[in-house]
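Visitor: Residue-level listing of the chains:
6 protein chains.
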Amino acid sequence: MRLSARNKITATVTAVTRGEATANVVLDAGGVRLVASITVEAADELGLAEGKQVIAVVKASDVIVAVSD
Amino acid sequence: MRLSARNKITATVTAVTRGEATANVVLDAGGVRLVASITVEAADELGLAEGKQVIAVVKASDVIVAVSD
Amino acid sequence: MRLSARNKITATVTAVTRGEATANVVLDAGGVRLVASITVEAADELGLAEGKQVIAVVKASDVIVAVSD
Amino acid sequence: MRLSARNKITATVTAVTRGEATANVVLDAGGVRLVASITVEAADELGLAEGKQVIAVVKASDVIVAVSD
Amino acid sequence: MRLSARNKITATVTAVTRGEATANVVLDAGGVRLVASITVEAADELGLAEGKQVIAVVKASDVIVAVSD
Amino acid sequence: MRLSARNKITATVTAVTRGEATANVVLDAGGVRLVASITVEAADELGLAEGKQVIAVVKASDVIVAVSD
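Residue numbers (the numbering used here), protein chains in the order written: chain H, 8 to 76; chain Z, 8 to 76; chain F, 8 to 76; chain S, 8 to 76; chain G, 8 to 76; chain X, 8 to 76.
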């Protein structure tokens, strides 16, 4: 399956915090810390746990650009 | 200014494609290609052009996790 | 590839409106009209054109629920 | 009230999973399963429960297009 | 129609910049400048033009919180 | 730090509802009630509590425009 989403970052799961509805999945992408908030259902279905290899996918319209003053 | 957004990726602008309303800003983040779709107004205001150092900011709720089959 | 995104709707492309940066892709999902705004780069890379079979993917956190008064 | 959001899908609530802050609302849209993650406050205010008729609303910029390889 | 989206800000259109696919709609909300990027189709359908009274609607999961250092 | 995000609304925190993963932060922006759903981690890191002065930041592509019928 190919996606229109332009941002695909290879990463490893380092932690998963589960609530009743939402899970925060912490990722390590070559030393950069990323966090994905997804449904608990998705976290379970994908078998997300420490050490799992994943891809963080982000749509271009969801990326904000910041510059230092 | 500190942000609730959990994902902050240091990157360099490699290209900017401008339409009338939207600009697609292509970034290089340590070898990973990223794309941000922002308003042309913002691209101008931030002075985005090839070589500019920026931070790509993404809210945790905008990150999808994908796993290979 | 499996995705954490919970919404996957099978559809057919009925039209593509291209700007310089953004393309609006109109879809027919079993009689329901859908529209996706993506980068022109993605529309080209995926070969989107009238009649193409696709899947519209939406993250659960991007779905608003509305009720009639 | 009319909305700029281009995607409006008629559906029926089939389940609601409530956490402290977020509720995942599962919908059936003519056989297609959808999930919306909204605030618990909104789920309560709209009276969302199994059998309720709703409209799933999604902004065009939040739709990713996927194609099979 | 009632919406799960938690943020509804009354505003007046002050300008519309149209591209081929996307329109940036500038709003004045009691002295606060807002911008909405929507499809040109939506801008036309809603008759958006200077002076029009509208409501800016934002999902809670799309709001980032920033604090000064 | 300057941001491409076009919408920046000064506000005061009036309440924080914490789940395990997500916190809903209620804001007062000159009489307009806003809600931001962010990670609990971010709410803690930013020290969000009643009375705190913040800025609600929203990307232009996340703003829906509504008009009355």
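For the record, the hints were derived by calculation from the structure and aren't laboratory data. All C-beta atoms, glycine included, are put in the ideal place defined by N, C-alpha and C. Misleading hints may appear alongside valid ones.
[To be verified] Pairs of lysine to any residue residues, derived as SDA-like cross-links and limited to a Cα-Cα distance of at most 20 Å, are as follows:
#, chain 1, residue 1, chain 2, residue 2
1, F, K15, S, D35
2, S, K15, X, D76
3, X, K15, G, E52
4, G, K15, X, G54
5, Z, K59, H, S75
6, S, K15, F, D35
7, X, K59, G, E52
8, S, K15, F, R40
9, F, K15, S, I62
10, H, K15, F, M8
11, S, K15, G, S75
12, Z, K15, G, S75
13, G, K15, X, A22
[Stated by the list, open to error] Using C-beta positions, here's what the derived DEER-type ranges look like:
#, chain 1, residue 1, chain 2, residue 2, range
14, S, D76, Z, G38, 17 to 27 Å
15, H, R9, X, G38, 42 to 52 Å
16, Z, E57, S, E57, 51 to 61 Å
17, X, S75, Z, G58, 44 to 54 Å
18, F, T19, Z, T17, 32 to 42 Å
19, G, K15, X, Q60, 21 to 31 Å
Visitor: None of the hints should be skipped; say for each whether it holds.
Guide: Verification of the supplied hints:
1. F:K15 to S:D35: At roughly 12 Å apart (the allowed maximum being 20 Å), S:D35 and F:K15 satisfy the hint.
2. S:K15 to X:D76: holds (17 Å)
3. X:K15 to G:E52: violated (27 Å)
4. G:K15 to X:G54: violated (26 Å)
5. Z:K59 to H:S75: holds (11 Å)
6. S:K15 to F:D35: holds (12 Å)
7. X:K59 to G:E52: violated (40 Å)
8. S:K15 to F:R40: Distance ~8 Å between S:K15 and F:R40 Cα, so the pair holds.
9. F:K15 to S:I62: Between F:K15 and S:I62 the Cα gap is close to 16 Å, so the pair holds against 20 Å.
10. H:K15 to F:M8: Holds. H:K15 to F:M8 sits at ~12 Å (cutoff 20 Å).
11. S:K15 to G:S75: Since the Cα atoms of S:K15 and G:S75 sit roughly 38 Å apart, the hinted pair is violated (cutoff 20 Å).
12. Z:K15 to G:S75: holds (17 Å)
13. G:K15 to X:A22: Judged against 20 Å, a Cα distance of about 18 Å means the pair holds.
14. S:D76 to Z:G38: 17 to 27 Å: holds (24 Å)
15. H:R9 to X:G38: 42 to 52 Å: holds (47 Å)
16. Z:E57 to S:E57: 51 to 61 Å: For Z:E57 and S:E57 the Cβ distance comes to about 54 Å; the hint holds.
17. X:S75 to Z:G58: 44 to 54 Å: holds (47 Å)
18. F:T19 to Z:T17: 32 to 42 Å: holds (41 Å)
19. G:K15 to X:Q60: 21 to 31 Å: For X:Q60 against G:K15, whose Cβ atoms are near 22 Å apart, the range 21 to 31 Å holds.
Consistency with the previously given hints fails for numbers 3, 4, 7 and 11, ordered from lowest to highest.
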